Amino acid sequence: MKYAVKEYDESVVLSLNGEVDLSCSPQAREQILKELKKGKKLLIDLSDVEYIDSSGVASLVEGFQVARIQDQKFALVGVSKAAMQVLQLARLDKVFTIIDSIDDF
Amino acid sequence: MHPIERVHLLAHADNLKPLRHLVKKLFNEQGCNEKDLNSVIMAINEACMNVIQHAYNTEDGEIIVDFLINKDDLIVRIYDFSETVDTNVIKSRDLDDVRPGGIGVHLMNEVMDKVEYKTGMDGMGNLLELTKKIISDNNKNLKNEEKKL
Chain A
1 MKYAVKEYDE
11 SVVLSLNGEV
21 DLSCSPQARE
31 QILKELKKGK
41 KLLIDLSDVE
51 YIDSSGVASL
61 VEGFQVARIQ
71 DQKFALVGVS
81 KAAMQVLQLA
91 RLDKVFTIID
101 SIDDF
Chain B
1 MHPIERVHLL
11 AHADNLKPLR
21 HLVKKLFNEQ
31 GCNEKDLNSV
41 IMAINEACMN
51 VIQHAYNTED
61 GEIIVDFLIN
71 KDDLIVRIYD
81 FSETVDTNVI
91 KSRDLDDVRP
101 GGIGVHLMNE
111 VMDKVEYKTG
121 MDGMGNLLEL
131 TKKIISDNNK
141 NLKNEEKKL
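Protein chains in written order, with the numbering used here: chain A, 1 to 105; chain B, 1 to 149.
Extracted from the complex, chain B is given alone in its bound form (with noise of 0.2 Å):
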């Protein structure tokens, strides 16, 4: 496993956009496939989106966000410290049933290869892992990084 680059950020909606650039311009250098790209750009967002809404309800928080690659496999592991979530109540909701909003999950499970919930970071808060296959030459020149937003 590879660390690639640790972000961290205020869980507020003004933070998404320069999340959204900054994982471009980041996996752009990479060589990454604009379709990978914008899957995993999608991803990331509405996961924090969730964080920002539900975990934190709008609140004040932290988000942290740690992208590792593992052989062809790029995996965001993005951290809340909000109350532990009951995992079991996050799923897709029946599409048919047109009505506004709850269609962030289904959208996460459709472009990445995998999402899982794990315990989050010194067992508080929550952790959602995203792993998405990503073929690119240039992942042996990537660089551990550190930033803030």
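If we strip away everything but chain A, and leave its shape as in the complex, we get (with noise of 0.2 Å):
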């Protein structure tokens, strides 16, 4: 897995790319959680995710339960076929705020 973050005034993009699971799940959970520590709006495009397994998701959920108790806006972005269909199986695509671009948010 690779990531990327783009800083704007108001919010942050995160972007994860290739293959999340077991290895590289820690490190996007720390990754989520410490741009959410900026206090702005958090998006993480999955548009090119191309595997995601329980434990990436475990810490997308993690990070939005975060942006929630701190009332700030958490947004999955572009999510990729490959883990849309995973969040479809885990019922979490009608939790997460899914937008196509990020001008949506």
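These are calculated hints, taken from the structure and not from any lab test. Take the hints with a grain of salt, since some may be wrong.
[Said to hold, decoys possible] Estimated spans, in silico, between C-beta atoms of each pair:
{"no.": "1", "chain 1": "B", "residue 1": "H21", "chain 2": "A", "residue 2": "P26", "range": "17 to 23 Å"}
{"no.": "2", "chain 1": "A", "residue 1": "V95", "chain 2": "B", "residue 2": "T87", "range": "26 to 32 Å"}
{"no.": "3", "chain 1": "A", "residue 1": "D103", "chain 2": "B", "residue 2": "P3", "range": "51 to 57 Å"}
[Said to hold, decoys possible] Distance condition first, Cα-Cα at most 27 Å in a straight line; then the derived BS3-like pairs of lysine-lysine:
{"no.": "4", "chain 1": "A", "residue 1": "K2", "chain 2": "A", "residue 2": "K73"}
{"no.": "5", "chain 1": "A", "residue 1": "K38", "chain 2": "B", "residue 2": "K17"}
{"no.": "6", "chain 1": "B", "residue 1": "K35", "chain 2": "A", "residue 2": "K94"}
{"no.": "7", "chain 1": "A", "residue 1": "K2", "chain 2": "A", "residue 2": "K34"}
{"no.": "8", "chain 1": "A", "residue 1": "K81", "chain 2": "B", "residue 2": "K25"}
{"no.": "9", "chain 1": "A", "residue 1": "K94", "chain 2": "A", "residue 2": "K37"}
{"no.": "10", "chain 1": "B", "residue 1": "K24", "chain 2": "A", "residue 2": "K34"}
{"no.": "11", "chain 1": "A", "residue 1": "K41", "chain 2": "A", "residue 2": "K94"}
{"no.": "12", "chain 1": "B", "residue 1": "K17", "chain 2": "B", "residue 2": "K114"}
{"no.": "13", "chain 1": "A", "residue 1": "K94", "chain 2": "B", "residue 2": "K25"}
{"no.": "14", "chain 1": "B", "residue 1": "K132", "chain 2": "B", "residue 2": "K71"}
{"no.": "15", "chain 1": "A", "residue 1": "K40", "chain 2": "A", "residue 2": "K6"}
{"no.": "16", "chain 1": "B", "residue 1": "K24", "chain 2": "A", "residue 2": "K81"}
{"no.": "17", "chain 1": "B", "residue 1": "K17", "chain 2": "A", "residue 2": "K81"}
{"no.": "18", "chain 1": "A", "residue 1": "K81", "chain 2": "B", "residue 2": "K133"}
{"no.": "19", "chain 1": "A", "residue 1": "K81", "chain 2": "B", "residue 2": "K71"}
{"no.": "20", "chain 1": "A", "residue 1": "K2", "chain 2": "B", "residue 2": "K25"}
{"no.": "21", "chain 1": "A", "residue 1": "K2", "chain 2": "B", "residue 2": "K24"}
{"no.": "22", "chain 1": "A", "residue 1": "K2", "chain 2": "B", "residue 2": "K35"}
{"no.": "23", "chain 1": "B", "residue 1": "K35", "chain 2": "A", "residue 2": "K81"}
{"no.": "24", "chain 1": "B", "residue 1": "K71", "chain 2": "B", "residue 2": "K35"}
{"no.": "25", "chain 1": "B", "residue 1": "K17", "chain 2": "A", "residue 2": "K2"}
Being a predicted model, the structure only gives us computed values, none of them experimental. Think of the CB as a built atom: it goes at the ideal place given N, C-alpha and C, for glycine as much as any other residue.
Since each chain comes alone in its own frame, lean on the hints to assemble the complex.
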């Protein structure tokens, strides 16, 4: 997994790329929590995620929960087909705010 | 029951990606459709992840994955050699309770036709047997191979 961060005035976009599994989900979790500390809206771009397992999904859920507690906006953007399949199976596609493009946030 | 392949791997998170890629290559060659293939890869990954995290508790250990065909059924047997787990405690959790973790068993149950916990190899450890009905004309060409990751 690789990741990239783009910071704007009111938001941060964290893009995850490649395969998000147990070997790197702790890193994804750490990065999500780190970006949330900036106090801005956080968008997780999953458009280049080729695979995500339940540990990767757990990192997203933790970010979602922390954002909710801190009253921050948190959304998933451009969710890839592979990632969407897992979110739907876990019935999380109705829990997360999922948008098509960063401009929709 | 027709064995296709046996894979040995150390119970380490870094071995999950090569295992997924090996499964993809193996079943692409057999003409398995993409949806079934993704389901099988997901279930195997979740099962091995559970072994790494819970059975071996991130300590060193071995996992053996057997791939077999029985008529139209693909059968995946995942063996570990940790302490035998009480299978009564392995169950899906309530998904309405949104919290991190604990969805691996649910994912396996969703994508596979059968998920069974059986007695481990030579009565030791654990065996998880996953079954998926696969429609493929190429099953008769399957070969028996043994590999190490």
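A quick look at each hint next to the structure:
no., hint, in the structure
1, B/H21 - A/P26: 17 to 23 Å, "21 Å, holds"
2, A/V95 - B/T87: 26 to 32 Å, "29 Å, holds"
3, A/D103 - B/P3: 51 to 57 Å, "53 Å, holds"
4, A/K2 - A/K73, "23 Å, holds"
5, A/K38 - B/K17, "32 Å, violated"
6, B/K35 - A/K94, "22 Å, holds"
7, A/K2 - A/K34, "16 Å, holds"
8, A/K81 - B/K25, "20 Å, holds"
9, A/K94 - A/K37, "25 Å, holds"
10, B/K24 - A/K34, "34 Å, violated"
11, A/K41 - A/K94, "19 Å, holds"
12, B/K17 - B/K114, "24 Å, holds"
13, A/K94 - B/K25, "33 Å, violated"
14, B/K132 - B/K71, "11 Å, holds"
15, A/K40 - A/K6, "12 Å, holds"
16, B/K24 - A/K81, "17 Å, holds"
17, B/K17 - A/K81, "19 Å, holds"
18, A/K81 - B/K133, "23 Å, holds"
19, A/K81 - B/K71, "31 Å, violated"
20, A/K2 - B/K25, "23 Å, holds"
21, A/K2 - B/K24, "22 Å, holds"
22, A/K2 - B/K35, "26 Å, holds"
23, B/K35 - A/K81, "11 Å, holds"
24, B/K71 - B/K35, "19 Å, holds"
25, B/K17 - A/K2, "14 Å, holds"
Violated hints for the displayed structure, listed by number in ascending order: 5, 10, 13 and 19.
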